[in-house]
Amino acid sequence: MSELLRRILFLPDAASSLAPRVDRLHFFIIVTTFIVGAGIGLTGLIFLVRYRRGRAEALAPVMTAPAWLEAAFAGVPLAFFLLWGALGFQDYIWARTPPREALDVYVTGKQWMWKFAYPGGPGMVGVLHVPTGTPVRLLLTSRDVIHSFYVPAFRVKMDALPGRYTEIWFEAVRPGRYRVLCAEYCGLDHSRMRAEVVALEPGAFETWRARQRSEPTWASGEGEEESLLGPLAAEGRVVAAKQGCLQCHTLDGTPHIGPTWLGLYGREEPLASGGSVRADVAYLTESMMDPLAKVVAGYAPVMPSFHGRLSAAEVGALIEFIKSLQPERPEPPPVQEPDYGPLPR
Amino acid sequence: MAPSHAEGAPRGPSYLNAEQGLWSWLTTHDHKRIGVMFLAVLLLMFLLGGVFAMALRVELLTPGDTVMGRLAYNRAFTVHGVVMVWLFLIPSIPTSFGNFLLPLMLGARDVAFPRLNLASFYLYVLGATMTLWGVFQGGVDTGWTFYTPYSTATGRDLLPVLVGVFVVGFSTILTGINFITTVHTMRAPGITWMKVPLFVWALYGTSIIQVLATPVLGMVLALVALERVVGAGLFDPGRGGDPLLYQHLFWFYSHPAVYIMILPGMGVISETVCAFSRKQPFSYRVIVWSTVGISFVGFLTWGHHMFVSGQSTFGAGAFSLLSMLVAIFTAMKIFTWLGTLYRGSLWVTTPFTYVLGFIFLLFFGGMSGVAVAVTSADLHWHDTYFVVAHFHFIMVGASLMAFLAALHYWFPKMSGRRYPEGMGIGTAVLIIFGFIATFLPQFLLGNMGMPRRYADYPDAFQPLHVASTAGASLLGFGFLFVAIYLGWSLRHGRAAGRNPWGSEGYEWRSDSPPPEFNFHAPPVFPRPPHDYGRPSAEGEVDHAA
Ligand code: HEM
Ligand SMILES: [Cu+2]
Ligand SMILES: [Cu+2]
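Chains as they are written, first to last, in our numbering: chain A, 24 to 368; chain B, 1203 to 1747.
Since the hints were derived computationally from the structure, they do not count as laboratory data. Treat the hints with care, since some could be wrong.
Here are the simulated SDA-like pairs of lysine to any residue, each with C-alpha atoms no more than 20 angstroms apart in a straight line [stated by the list, open to error]:
| # | chain 1 | residue 1 | chain 2 | residue 2 |
| --- | --- | --- | --- | --- |
| 1 | A | Lys-133 | B | Gly-1512 |
| 2 | A | Lys-317 | A | Ala-336 |
| 3 | B | Lys-1397 | A | Thr-87 |
| 4 | B | Lys-1397 | A | Val-85 |
| 5 | B | Lys-1397 | A | Lys-317 |
| 6 | A | Lys-346 | A | Ala-295 |
| 7 | A | Lys-133 | B | Leu-1263 |
Quick caveat: nothing in here was measured; it's all calculated off a predicted structure.
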């Protein structure tokens, strides 16, 4: 029943422990609304037919509502509204009161990206990894204007404000990738300020975290690398833009249709076919010419071959460019944060 | 039964030709002429806002850039919102129909301060001009809400817009003061408070909100201007300010302002529902007290716009509770209107078609308001298309339908002519269906998680966007038809006679169009304003002279 309603109402998958609670109340409200709304519509239609001028008495009867009816006009809807308000407020309190054992994640909004950092590392741009079945407390702030962290599948949203921390928590109930959107208008690229929550089984999450701590892919200050590019790498950047590589590969650490190029050179990439490969010059060249030979785990085999479309010089420039995209040594995330913090619980 | 046309020819010139020439209009103190001038300018604003609405809908046909880039989109929704809210909907019904009808409905010669009334028109024109010039030359992209710190940080020149909206606010305040004074002091003998026409009650409630709330808007706009010009730091956390302060002040005005936008519409419906079901209101006092209730409780709910802003959990609960209370008044009105239809003698006309559309759409608009006032649900819906659909149901589905009902109901009063009724009804049906097709998909988009103010969106949202744009084009054609047949009728419509609807409303006791000073002699109204129970009292006590 609720699955059916969820589909009729176009609600996304209910992927957090909060989502079914919100949805249940949503269904209660919407079903009541439609029943009463249909009642009003039908009443209107019946009146239109029965009391149409010409059919009805020419002189309508004089009548005013008796006091009890007036009271009912106010009382009956009020009872429903208050009930919904109370039920909703219960869930709201729950959603805004993180359990003590929650895993903390610092979330920083910035025009137009999301950064995530765990106390003690690692930090990520654009991807938030969380374990399933574990409460996660988000401590949100912003570097510039107001943003709003929104995961439709979790039914969770909280504004990120400059100069203060707000908090919200959620618990993902099953592994998957969930869209993060910015819900507070923040300027030019508001509609592209997207990120992703990757929910992993707790074991997989720990593995991921251990690996990230040793080999972080924290990105910062995308603007600066520009000036540091050598001439060949700079040309590679132009080629990458012209050939459309950047439609699928990002330079900021965010996975997109393809893996990010940031920190790619020299990285061990896990392969879809099992095993892994070190991203050296040979692998990079192969990936351009015969992309399906080794597909990185977690990505669809969609990259076209550039065989015949790239000259040898262009391949060299591209590789030089990718080489240049090394993350700066990550600062430990707490230093990334302003030095005031949320109150201890 | 045909409406009675049994009046004699109008005695003497009407307000339209009492004086001739453009100058006589521009310098008039006649509330009717001022109302007509407001109406003309407002319709222009509506056209401008509407063109931008269509541009937005076209852009949203596909993800990514369809016809404009992101910057252009952000500017376009700012123009749309600023024009529709600040320059059209807030002043709409009070300044046009309110100005025209208030004295007529009270049996007065004019409003209390006729010169102030003209000043308020020119202030509006001045403010609107500045606002428009500011939005276009500055390329403002903040949205109509001017949220800090984006509005204080953006590189675009916002100042003329802030000043422009501030000036328009003053025009609103002056109109409010004028109306309140008029209702208190200019009622004809016999019109006691409980015999005041319901439209007047609605204008009165609206005026109270305008006078009490608009100064806060002026204040907050001035603070943003200060912040931008001298770097006051009020909203800048880096200097001890607080960006949320803006939202509190802004919504302290703007929630009451949503009632500025709907109350006059509710007043129009209270009038017309009686006129076309030929019954007195099912409960006059429920309508009156709910109007007064909205005017006051509406001030206590502003925090429901900030459930996810980081305000305290307790605050959210309190604002949710208060929002539930204010919603009751709307529910009471809806049931009272339905009760008025019950066993009436329903005359299906263009205004009545809009009345039915209004009641139905207001119900869904109001219920979706209650839904977003439920704190937990708003965690999901806040700032998504669900909210966009909610307020468009209220502001277009209800307020604009009421505006159209008023336009058609009082068109004969103002112009002395009829429009083709069949055409009117057909167009009304088209507009109502076009409206539903446009905004119903937006509720679903909101459920899916589509945030507002997005130039670009994930592909999954596209089908519903296409549906919404298709609906919007129906809506656009509907408005075009209205403009065409009403424009045509202004010149070529049949003469209306004094009271083509056979209405008991006090305003119909004078000629249509009315003479310069409304009544040929001081009128007396011994019967209540919506007294349809008895055979028409037409002409019985027209003029006591
Ligand atoms: C009757 C006239 C109403 C009008 C004209 C109206 C208009 C609006 C507008 C313009 C907004 C959006 C403002 C923005 O974010 O840009 C809004 C939001 C909202 N309205 Fe209404 N509204 C009305 C009735 C109601 C009622 C009866 C309720 C609740 C009892 C309500 C509850 C809300 C809430 C909670 C929001 C904020 C939703 C959010 O941002 O998450 N409204 N309304
Ligand atoms: Cu944003
Ligand atoms: Cu509100």
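*If you check each hint against the structure, which ones fail?*
2, 5, 6, 7
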